[in-house]
Amino acid sequence: MILSVLSSPALVSGLMVVRAKNPVHSVLFPILVFCDTSGLLILLGLDFSAMISPVVHIGAIAVSFLFVVMMFNIQIAEIHEEVLRYLPVSGIIGLIFWWEMFFILDNETIPLLPTHRNTTSLRYTVYAGKVRSWTNLETLGNLLYTYYSVWFLVSSLILLVAMIGAIVLTMHRTTKVKRQDVFRRNALDSRRNIMNRTISPFGHS
Amino acid sequence: MIISILGIRGILLNRRNILIMSMPIESMLLAVNLNFLVFSVSLDDMMGQSFASLVPTVAAAESAIGLAIFVITSRVRGTIVVESINSIQG
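Just so you know, the sequences run in chain order A and E.
Quick note: the first sequence uses our numbering, first residue 1, plus one each step.
Quick note: the second sequence uses our numbering, first residue 1, plus one each step.
Read the hints as simulated data drawn from the structure, not as lab findings.
Every residue, glycine too, gets a C-beta built ideally from N, C-alpha and C.
Take the hints with a grain of salt, since some may be wrong.
Under 8 Å between C-beta atoms, here's a sample of chain E residues computed to sit facing chain A [as the list claims (entries may be wrong)]:
| hint | residue |
| --- | --- |
| 1 | S27 |
| 2 | V41 |
| 3 | G48 |
| 4 | S53 |
| 5 | L54 |
| 6 | I65 |
| 7 | V71 |
Let's have the full structure, built from the sequences with the hints guiding it.
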């Protein structure tokens, strides 16, 4: 777990998202968080999730955030004095969250503070080396495609809805776009239009 | 877990503009996802991983639509200051 200390920049970057003055910096810090969680997932042995979650989170979400940040002229903001105005309410909500976390986390399975653990820790035999070991991808596929295939299809529907929604929302009706009126084009009669044009330069033949 | 708490704090304490307010939401989603995966490894259950591979799809979808809404409102309104949100009344 010494290498887990290398993944603690995730916490620092999570803090710095809010505090960065330059808005481009505050987009780069979530990218650092995503990279660090990918490292943590590799340490856990989940190779598939460690490769998929940077692709999704960095490649789609952070890139779109970067596009929007670069599109708008967000100036480098000075530190507001108004932070202290919002501090009482948000501080109380944050403290409530911390307090609830302590209730959940302080169990025997997840000790929060380093208390005296008894020396006979759980020894479980790792069966993965004895039988044919499945990769992470195989175990996911075993569940997702057979028993929970409805979830898979519903998530594809969610993505479709998101794509349609984003296009519909940002379609700009006021710019002049050359488009064809389909019914008018189908109603054109070639005999009336094209034949007239070929006859008339010759005069009346 | 702590990343999710930091994300909540980031939403609550940061009122500069809506764009920076919506970035800790994404990091919060990722932190909850990481939570799912860690618990599914330590509790030896496969349900956590099969759910945690579907959460990023929802995260990407709602971030796309949220950014589209943000682009539209800033195009209509002209500024991205959060204090003028109560002009939507009516």
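Hint-by-hint comparison with the structure:
Taking 8 Å as the C-beta contact cut-off toward chain A, the hint placing E:S27 at the interface holds, the least distance being around 5 Å. The interface hint given for E:V41 is met, as the beta carbon of that residue sits about 5 Å from the closest beta carbon of chain A, less than 8 Å. For E:G48, the interface hint is violated, the least distance from its beta-carbon to any beta-carbon of chain A being 10 Å, above 8 Å. The interface hint given for E:S53 holds, since its Cβ lies 6 Å from the closest Cβ of chain A, which is under the 8 Å cut-off.
The beta carbon of E:L54 comes within 5 Å of a beta carbon in chain A, closer than 8 Å, and the hint placing it at the interface holds. At a threshold of 8 Å, the smallest CB-CB gap from E:I65 to chain A is about 5 Å, leaving the interface hint in force. Taking 8 Å as the C-beta contact cut-off toward chain A, the hint placing E:V71 at the interface holds, the least distance being around 6 Å.
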